[in-house]
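Undergrad: Let's have the full structure, built from the sequences with the hints guiding it.
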Amino acid sequence: MEVFLHQFLNFEIMQKVFPLLLKGLWTTLYLCVLVIPLGLAGGLLLALLSLSRRRAVAWTTIALVDLFRAAPPLVLLILLYSGLPFAGIKLTPTAAVCLAFFCNTSSYYGEIYRAGIESVGRGQWEAARSTGLSAPQTLTYVILPQAVRNVLPDLVSNTIEVVKLTSIASVVSFPELLYSADMARSVTLNSSPVVLAAVMYILLLWPLVRLVSRLERQVAAR
Amino acid sequence: MTAWERFLETFFKPELMVQYWPDILEGVVVTVQIAAAVVVTGLALGLMLASVRAYQVRFLNLFIVIFVDVFRALPPLVAILLIYFGLPNIDIVLPSFAVLWLVLSFVLAAFAEEIFWAGITSTPKGQWEAARSTGLTFSQTLLSVVLPQAIRLGIPPLTNRTIAITKNTALGTVIGVSEILSQATSAQAFTGNATPLMMGALAYIILFIPIVAVGRWIETRFAWRRA
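Protein chains in written order, with our numbering: chain Y, 1 to 222; chain Z, 1001 to 1227.
The set of hints was computed from the structure by calculation and includes no laboratory data. Yeah, the Cβ is synthetic: ideal placement off N, Cα and C, and Gly gets one too. Do not rely on the hints blindly, as some may be mistaken.
To be verified - Distance condition first, Cα-Cα at most 25 Å in a straight line; then the derived SDA-like pairs of lysine to any residue:
id	chain 1	residue 1	chain 2	residue 2
1	Z	Lys-1013	Y	Glu-216
2	Z	Lys-1125	Y	Arg-214
3	Z	Lys-1125	Z	Val-1029
4	Z	Lys-1125	Y	Leu-215
5	Z	Lys-1125	Y	Leu-91
6	Z	Lys-1013	Z	Ala-1037
What the hints assert, rightly or not - A few chain Z residues that face chain Y, going by a derived Cβ cut-off under 7 Å, partial list only:
id	residue
7	Pro-1022
8	Glu-1026
9	Ile-1066
10	Ala-1073
11	Leu-1082
12	Asn-1089
Stated by the list, open to error - Examples of chain Y residues lying across from chain Z (beta carbon under 8 Å, computed):
id	residue
13	Leu-74
14	Val-75
15	Leu-79
16	Ala-87
17	Leu-91
18	Pro-93
19	Leu-205
20	Trp-206
21	Val-209
TA: Right under this line is the structure:
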């Protein structure tokens, strides 16, 4: 038991590495602020394209979305980070992470938006257009607010997944929370820093996890 | 050499493809094995936890809720590194594939528990009462009346979650599980050429595209008709 506590809950070490991990946490949050809006915007674009009346556009988009949903994000990341330099394109870790995340998260967000837009009846489009609203106006004021409300639990739940996913950036030496914790672990030869990082992730995401459960129940009750 | 030839030489070099495809195939086998094991144990554990939760034993429920919330909030890579590098220090040595299997099973179990539990609670109270009044015990009602409906209700939301979690087998490369990505990156480091990496990515896509397509189909096929 003592060995266990020393190895995993060593408060002395935790105290020492706390500033480093806090910096990592900020970097994680900074990364989230970059990739979540990018993914949300890209997802909306993909959803609209996949609902296009032009068959060719819709099918190409769906194929692209499925391609990026089939490739594990870590594979995309490593392909961009260590594959592209062979073609003379050297990406910084930040650029590689953002690009890989953009491909992955916009595909997932896109599928969620698409389900939301499809859940709003076609008649609403026609009604809104017939009152003289333009297509972009119909989308912004009539369709999207309802679509987003219908799929809100999925949007939040996917956002949690994106935040969790930022931990794979550690593999390409992007100095986020897990990277900092793993550095600290290899220097101190003690797992307490990783336990501390785990606690930080849980404190960060647990409220969102609870929120998703509540939203899911609300949507189910409707 | 034209630019096109140089591109092929860098990313799709035929000799390297011939030389390394057995390695990549070996990786595919490992990936499929671990993914299958994760799906079986993860879903079974999730269903078991949801059933236990139905008995409303306070102490057990507290444990289940904490387990579920932790594994829904914790990035799997954090858990993988924690177990893989932490346990040997207290003299428990698990092989890397076991660590990957264990962590991903727990993550899937956490999500599956939530989904099955939602199915159990959405079964109308009248069905419980009707089943009990015909003389079925609580356990019999749960097993033969409630769970079959809860499982069916859970299929569409579980499909995509399960696919996403099995794709996480690629995380095994960080702790040296010899799955596809790990085979591809070591071959790439050895040859100084991006061809093995492209082969690895292609292997994942060939493996998962049909699964993603089937998932899309299952979602519409099993979707509970909304009133």
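Undergrad: Each hint should be assessed against the structure and marked as holding or not.
TA: Against the structure, the hints come out as follows:
For the hint pairing Z/Lys-1013 with Y/Glu-216, the CA-to-CA distance comes to about 49 Å; that exceeds 25 Å, so the pair is violated. Our distance criterion of 25 Å between C-alpha atoms is met by Z/Lys-1125 and Y/Arg-214, whose separation comes to about 21 Å. Only pairs whose Cα atoms come within 25 Å are accepted, and Z/Lys-1125 paired with Z/Val-1029 is rejected, the gap being roughly 46 Å. Pair hint Z/Lys-1125 plus Y/Leu-215 holds up; C-alpha atoms about 22 Å apart against a cutoff of 25 Å.
A C-alpha spacing of about 58 Å is found between Z/Lys-1125 and Y/Leu-91, which places the hinted pair above 25 Å, so the restraint is violated. As the CA atoms of Z/Lys-1013 and Z/Ala-1037 are separated by approximately 34 Å, the hinted pair breaks the 25 Å bound. Look at Z/Pro-1022: its Cβ only gets to about 20 Å from chain Y, farther than 7 Å, so that hint breaks. At a threshold of 7 Å, the smallest CB-CB gap from Z/Glu-1026 to chain Y is about 17 Å, leaving the interface hint violated.
Nearest Cβ of chain Y to the Cβ of Z/Ile-1066: about 10 Å, over the 7 Å cut. The hint is violated. About 4 Å separates the beta-carbon of Z/Ala-1073 from the nearest beta-carbon of chain Y, less than 7 Å, and the hint is met. Look at Z/Leu-1082: its Cβ gets to within about 5 Å of chain Y, closer than 7 Å, so that hint holds up. The beta carbon of Z/Asn-1089 is positioned within 7 Å of a beta carbon in chain Y (closest approach about 5 Å), and the interface hint is therefore held.
The closest approach between the C-beta of Y/Leu-74 and any C-beta of chain Z is roughly 4 Å, which is under the 8 Å cut-off, so the hint is satisfied. At a threshold of 8 Å, the smallest CB-CB gap from Y/Val-75 to chain Z is about 5 Å, leaving the interface hint in force. A hinted interface residue such as Y/Leu-79 counts as satisfied when its beta carbon comes closer than 8 Å to some beta carbon of chain Z; here the least separation is about 5 Å, so the hint holds. Against a cut-off of 8 Å between C-beta atoms, the interface hint on Y/Ala-87 holds, since the closest Cβ of chain Z lies about 6 Å away.
For Y/Leu-91, the interface hint is violated, since its Cβ never comes within 8 Å of a Cβ in chain Z; the closest pair sits about 14 Å apart. Checking Y/Pro-93 against chain Z: minimum C-beta separation of about 16 Å lies over 8 Å; hint violated. Given the 8 Å rule on beta carbons, the hint for Y/Leu-205 holds: about 4 Å separates it from the nearest Cβ of chain Z. Residue-level restraint check for Y/Trp-206 holds (minimum Cβ-Cβ distance to chain Z is 5 Å; threshold 8 Å).
Because the smallest distance between the Cβ of Y/Val-209 and any Cβ of chain Z comes to about 5 Å, under 8 Å, the interface hint for this residue holds.
Of the numbered hints given earlier, the model fails hints 1, 3, 5, 6, 7, 8, 9, 17 and 18; all others are met.
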